[in-house]
Structures are given as structure tokens and as C-alpha cells.
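Colleague: Per our numbering, residue 140 is the first one in the sequence shown, and the count goes up by one each step.
Derived from the structure by calculation, the hints contain no laboratory data. Where hints are given, some of them may not hold.
[Unchecked claim] Ranges between beta-carbon positions, derived for each pair:
#	residue 1	residue 2	range
1	T178	C199	20 to 30 angstroms
2	Q228	A184	32 to 42 angstroms
3	R167	F242	37 to 47 angstroms
4	F242	L163	12 to 22 angstroms
5	R188	V227	15 to 25 angstroms
Model, not experiment: these values are computed from the prediction. Glycine included, C-beta positions come from ideal geometry on N, C-alpha and C.
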Amino acid sequence: MNETARSLSRARTLWELAARRAALTPDRPVFLQSSRSLTFRELCARAERVAAGLYAMGVCPGTVVAWQLPTRIETAVLSLALARLGAVQSPLIPFYRDREVAFALRRSGASFFAVPGVWR
């Protein structure tokens with residue numbers, strides 16, 4: 140196992156893994172979507188900004204945050220921001236409708252629910 144692999148294998152959380160990867164290869168692309176891309180450095184910086192906003196709204200370690208979002212870069216940023224805060228994530232699959240979403244939110248005990256502004 141090389142030093143990079145050893146460093147990454149010691150990460151205990153998703154946030155630690157991303158932060159270590161950003162330190163090792165900051166300009167390496169981590170996501171490519173259509174004509175957009177995001178490097179490890181950019182991913183961590185965006186996640187830090189989103190985490191700060193979520194913290195200001197009351198999200199802290201242990202807070203349950205549900206989300207129902209499409210597969211896109213912004214979803215990865217939110218997930219990493221929640222990991223940074225130590226929040227509990229409760230992702231809901233996109234084809235759930237009102238009844239299933241209401242059930243999942245009750246069962247999860249989510250304090251926050253993130254959805255896109257526009258849903259196709």
C-alpha cells in the first residue's frame with residue numbers, strides 16, 4: 140500500500156476522506172457533469188460554505204437532515220457539508236411522492252428537509 144492509500148485509509152469520516160484527498164490532489168477533478176467539473180479543492184470549499192450556512196440554520200452533529208435531490212454536483216456538495224457537520228443524512232429516493240415522503244420524514248425524525256427549487 141502506498142503512502143496515499145495509507146493516508147486515505149485512515150480517514151474515519153466522509154469529510155476526513157474528502158479533506159485528505161483535497162490536500163493530496165487539490166486540482167484533480169472529482170466530478171464531471173455535462174460541461175461542468177469540480178476539483179477536490181472546490182468540492183471541499185463549497186461544502187465548507189454550505190456547512191456554515193446549515194450550521195447557522197441550526198444543523199449540528201446528530202441533527203437528522205432528509206433530502207430528496209437528483210444526482211448532481213450540488214447533491215454531493217450538500218452530502219459532504221452534512222458529513223462535515225456530523226449530521227445524520229436521510230436521503231429519499233426521487234420517485235417517492237407526498238405519502239411516502241411524509242412517512243419517511245416522520246420515521247426519520249428529520250428536523251430539516253432539502254429539495255430542489257424546481258423538480259422535473
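Colleague: Honestly, which of those hints from before does the structure not fit?
Modeller: Checked against the structure, the hints that fail are numbers 2 and 4, while the rest are satisfied.
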